[in-house]
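When we follow UniProt numbering, the leftmost residue of the sequence shown carries the number 1, and every step to the right adds one.
Read the hints as simulated data drawn from the structure, not as lab findings.
Everything hinted at is true.
Straight-line alpha carbon distances no greater than 35 Å define the calculated DSBU-like cross-link-like pairs of lysine-lysine that follow:
1) Lys236 - Lys147
2) Lys252 - Lys146
3) Lys252 - Lys147
4) Lys152 - Lys112
5) Lys252 - Lys152
6) Lys248 - Lys152
7) Lys177 - Lys252
8) Lys236 - Lys112
9) Lys172 - Lys147
10) Lys165 - Lys88
11) Lys146 - Lys247
12) Lys88 - Lys172
13) Lys236 - Lys88
14) Lys248 - Lys88
15) Lys177 - Lys88
16) Lys236 - Lys187
17) Lys248 - Lys146
18) Lys112 - Lys247
19) Lys177 - Lys147
20) Lys187 - Lys165
21) Lys187 - Lys88
22) Lys236 - Lys165
23) Lys248 - Lys112
24) Lys88 - Lys147
25) Lys187 - Lys147
26) Lys248 - Lys172
27) Lys152 - Lys165
28) Lys88 - Lys152
29) Lys247 - Lys152
30) Lys236 - Lys252
31) Lys165 - Lys177
32) Lys247 - Lys172
33) Lys187 - Lys172
34) Lys112 - Lys177
35) Lys146 - Lys187
36) Lys165 - Lys147
37) Lys146 - Lys172
38) Lys172 - Lys236
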Amino acid sequence: MPAYQFNPYAQPHTPPAGPPGPPGPPPGTPPRRGAPRWLWALGGVVIASATWAATLMATGALDKGDEATPDYRGHLFHHDMCATAELKSFVAEYELSTSATDDPDGYSSQRKGLDVSSCSRTMTERGETSRTPPTTYVTTHIEWHKKADPSKEFASEQRTWLDRKSETYQYKVTPVKGIGDEAYLIKEQRANSLGSLKLEVRAGWMTYEMSWSWFGGSPDDDFEPPPEQTVLGWMKTDTRATLAALKKPDSKEAPGRDPGA
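When you get a sec, could you build the whole thing from the sequences and use the hints?
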């Protein structure tokens with residue numbers, strides 16, 4: 001028998017074991033894995049919502065919902081705008097008409113969503129003896145908005161005048177500083193002559209308009225309107241005086257005016 005013979009039934013040779021590895025997890029421990037994607041998404045939504053809420057609180061937008069309280073910057077409703085509106089600058093140059101047909105034309109209204117008070121006055125130049133003297137019209141119209149903040153549309157509303165131009169009428173809209181929260185001057189040019197001016201003012205939820213227009217008598221007359229800057233100066237002065245008067249309580253004796261009564 002040879003010194004070594006292969007035995008087919010013998011167990012295979014196993015190499016010696018290496019050093020022991022790290023211990024495995026204890027029984028019952030689930031395998032570790034990253035956080036679910038939906039959890040990360042939820043965290044992002046929470047952070048974004050918190051940031052948005054902080055922005056709304058900082059800007060006061062959370063207070064401008066359906067239940068927002070109108071802020072008129074202290075300007076109170078007055079029934080008789082013909083008694084409240086200040087026109088001292090105009091009266092210094094013009095005479096208020098006292099005829100029955102040109103009696104102050106004004107009205108006031110208080111509704112659920114809006115209060116309005118308005119007055120129009122007719123004036124003629126002092127000392128004018130022409131049979132058809134130039135006539136000036138000044139209207140003061142104020143609205144107290146109760147349900148909707150007018151600030152979002154105020155500037156755009158004034159600029160709509162730019163789209164009303166024609167071959168006869170041209171319009172120019174210019175911002176005016178130093179009156180209310182924002183103000184604009186709307187100039188109407190008739191051919192080569194100044195036709196009318198409107199001073200539009202917003203103070204919180206209150207909107208104010210003073211309009212001036214001028215008509216120069218008959219076609220045979222050669223009258224000229226006053227310079228634009230002169231009229232604008234009158235309008236600014238009387239507007240500031242009227243806004244100051246609106247911060248005082250309304251007269252209990254003011255009956256309001258109704259041109260249809």
